[in-house]
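These are the residues of each chain, in order.
There are 4 protein chains.
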Amino acid sequence: MTTYVLLIACADRKGLIHKITGILYDHDLNIISNGEFVEKETNSFFMRTEFSGEIETSSLTDSLRAVLPETAYIRLIEQKKKDIIVMATRESHCLGDLLMRHYSQSLPVVIRAVISNYDRLRELTEKFHVDYHYVSHEGCSRQEHEARVSAIVDRYAPDYLVLAKYMRILSPVLIRQFENRIINIHHSFLPAFIGAKPYERAYARGVKIIGATAHFVNDNLDEGPIIAQGVIPVSHSHSARDMAQAGKDVEKTVLAKALKLVAEDRVFVSGNKTIIFD
Amino acid sequence: MTTYVLLIACADRKGLIHKITGILYDHDLNIISNGEFVEKETNSFFMRTEFSGEIETSSLTDSLRAVLPETAYIRLIEQKKKDIIVMATRESHCLGDLLMRHYSQSLPVVIRAVISNYDRLRELTEKFHVDYHYVSHEGCSRQEHEARVSAIVDRYAPDYLVLAKYMRILSPVLIRQFENRIINIHHSFLPAFIGAKPYERAYARGVKIIGATAHFVNDNLDEGPIIAQGVIPVSHSHSARDMAQAGKDVEKTVLAKALKLVAEDRVFVSGNKTIIFD
Amino acid sequence: MTTYVLLIACADRKGLIHKITGILYDHDLNIISNGEFVEKETNSFFMRTEFSGEIETSSLTDSLRAVLPETAYIRLIEQKKKDIIVMATRESHCLGDLLMRHYSQSLPVVIRAVISNYDRLRELTEKFHVDYHYVSHEGCSRQEHEARVSAIVDRYAPDYLVLAKYMRILSPVLIRQFENRIINIHHSFLPAFIGAKPYERAYARGVKIIGATAHFVNDNLDEGPIIAQGVIPVSHSHSARDMAQAGKDVEKTVLAKALKLVAEDRVFVSGNKTIIFD
Amino acid sequence: MTTYVLLIACADRKGLIHKITGILYDHDLNIISNGEFVEKETNSFFMRTEFSGEIETSSLTDSLRAVLPETAYIRLIEQKKKDIIVMATRESHCLGDLLMRHYSQSLPVVIRAVISNYDRLRELTEKFHVDYHYVSHEGCSRQEHEARVSAIVDRYAPDYLVLAKYMRILSPVLIRQFENRIINIHHSFLPAFIGAKPYERAYARGVKIIGATAHFVNDNLDEGPIIAQGVIPVSHSHSARDMAQAGKDVEKTVLAKALKLVAEDRVFVSGNKTIIFD
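Residue numbers (this note's numbering), protein chains in the order written: chain S, 1 to 278; chain B, 1 to 278; chain F, 1 to 278; chain G, 1 to 278.
Looking at chain S on its own, in the form it has when it is part of the complex:
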């Protein structure tokens, strides 16, 4: 039997759950888990249902559309691994962790390719028989560089782009193409230390806890919807370099956690926030 995830978002009103579950009941589907949330501020209703059964997708969607507000967001997703492209620069810890999870099949994703502006992570990537594309940013404009990256991305038609310490800013064009489908790991506890060199700034500020933040990428650097965050304690004895070293474990763990949530279709984006059914 196939497993599906049904995602619904619409203006809240009475009776939504009753109507939606009624249609699932009529189709004789077996609900595995169910979550709802009403965001008061926007009067929005969110629902995620995981169920198994045999369905004709369009028929189910049509039935749902008939009982939901006209502008409702309805998505019915057959559960299978998501295709991702990982983008990285020079650091190996996040990429390496994702490759390991890809290898051990502990995340519902398949890494189709790695793209980097350096050639440094090729050996590591190819150990796992994953395509590696080295697209240097040197000697070309930002626009040219991204055009080349984009061409490679398009070839794979991935579900998500995962920026695993990719130290370049993406253009609005690519961001729009992959709206809410680009996941970045930022090495600070956002919104603290937005931008460059967060560990140096954390050290300079004398903080006692550092962190990492996985978020969707939008047009404003490090300001997209946050998916997951993690922290670890530090002390005066940590140099900026020690913090960066210690932070690596949080970065990779938080990125993997966020990717799992996204790949399992547990994350809605509402404005600049995420609603997460975990």
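By construction, these hints were calculated from the structure, which means they are not laboratory data. All values reported here derive from a predicted model rather than from experimental measurement.
Distance condition first, Cα-Cα at most 25 Å in a straight line; then the derived DSS-like pairs of lysine-lysine: (1) S/257 to G/257; (2) G/260 to G/127; (3) F/80 to G/40; (4) S/273 to S/40; (5) B/273 to G/197; (6) G/80 to F/40; (7) S/40 to F/197; (8) G/257 to G/127; (9) B/257 to F/257; (10) F/40 to F/19; (11) B/19 to S/14.
Stretch by stretch, here's where chain B covers chain S in the computed footprint (C-beta under 8 Å, at least three residues): (12) 15-26; (13) 33-44.
All C-beta atoms in this analysis are idealised placements derived from N, C-alpha and C, irrespective of residue type, glycine included.
Dock chains B, F and G against the given chain S, drawing on the hints supplied.
For chains B, F and G alone, coordinates are given in the frame of chain S:
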């Protein structure tokens, strides 16, 4: 408008959510939040719904009963503060924290009385104009002592008993009278260090993290359903006394957290486990 | 036998520990614990030694001065409770927690008085037989208000001022008078959400973890040296109000932790950072 | 210039730090960091000093021996990477994480070989050009199996054995040969759930936090000195399988943390506890 919590537990089968929410819809009730869980192991369905509206309680319950399995557990609770009795021995940190929360009304509970086998916490308790009952355990049998305690408890008819570092074992009689309504805080990360002197034993074992566990009390010491747990790191430089000191903050925080969950009717007991909708 | 803490800070050079411990050895003192740290960036040496014995303070200090760089910071402190004044506005959780710890003697501090710009916390404070001074800020200039506060503070000559959710900004005069002796609790994970309404802004940003920061107060709002920080996870289901409620436990715990470190003379300030021997 | 770590453990008495640092001063060594601890219970003194300089090892050790109690433990270690052998069974997450850290040189260890009682992790190991030895336990006695393992271990003469989810019990012989040099990761928060199937038991007990423990191996299963522990929250919605899955990240992080501490010579064993200078 009044707020209610509806708790339902029954054998799982298709269509339950649809039917239950249908009845709430028919009664024109406004669902504030909703949670469901199916425990696969026991094929049990659990649902907690918070809603507001004007209802006739018995009519709603009857309607629900008509669509649910015969043996379904159905509880409809008008949301208001719960009456509790706090039992303590000599340590003031948990009791003091609860008295402060009672005073600032930050928990949905009213402390009706404190019962202790010492007179030591009287001054603290009476600062907050809460009745204090000193029932010494000296010169009387365990049975006699508990009979006296029980008589006082009965006078207040509390919703819950909260053992805030009460260092005596309750009899099966009292435990049965308050089934799943006695909350204890144990000063270890259960099931590690069940029983007496957990900090001494944590020290002797050389653990690097210590914790506290809030649980319902049943006939087996420290083995009732766990509601909440918390931890803090320690090191070789902590003596057993340092651990006990450091542990106090976790104990009081975990106890307050558990009490909040229980008093907001968010906790189901299923066998020896809790299902918590938070 | 008396217990002392010796604090030394000076430019680093070889042989410092040897010379310092030599003098302690000559005076036949019993070292209880010892910590050193060299801050590479500034080439500064920091040492905290806790010892017991009978000494003539000035003689020991003179001996130390003879072997240390001329500009060395040397402080020899007989261990006893520190006098503090707590300043608060309307919220009771931090003040209440400090009063409880004062009552149970679980922190090495004595609360000599509470000063507030509202009369609201009087009843709570006076339960614990602590002086309460209500100094309204209404109908008087900022300068006048602080002059009145200052006059009261001076009367008690406290070791430290503790701002337990005191919602007013202190003047540079008072800050200079109590340099590195004013401890504030800020209800965010600094440097995120400096300034007003951090929970509202945390909610608006959609963060998944919130925190609290205890720091020394200097002339720049929320930018003084950080002493301690703590965090708790939140989710999309937390409103700003829920975050504020959940944050209270972190605020009070972090403030108490910072106060303990400071009152036990474990904290050095170096530039805008703290060096902590715990 | 070479970096050394000096480890000293002996009965405590006055003047030890003075004398030890005096000898380092006489040899004109540059102390990088320094830590001392006195275990009251056993009246034992522990000191770890990291310094750089040019020394003749035996001369320095002799000088130290002259001022220390006769039975003092003195170890002077030139800082370089430690050779380790990783032993594993079928799970790849801990081994994979160690291989990644070996590859990125983020831990001061070199994995000389992997030994497993299955052939399953060969492909992964050999990606990293690390020797893989498959020693099946089938068709041979426990004694024979370990003899074969032991022969391979001896060939590499490693500094440490790391049990990365090695699901077999070692014999006292091997344990004695590598006293306090075998590091195991146990998938529970010890001493909770000693022995087999900790996640199943954690699930059955309904705990709200699970953990992992890295410890030295001694003759009693899961009872050796604890080096590091870590935890993550779980809820009723985690099956035993979900717990095992979620626990993997803690297991690998805690194991890597413990290995780092050990490989940097930061860990003393005192009785059944560790004293850690981090």
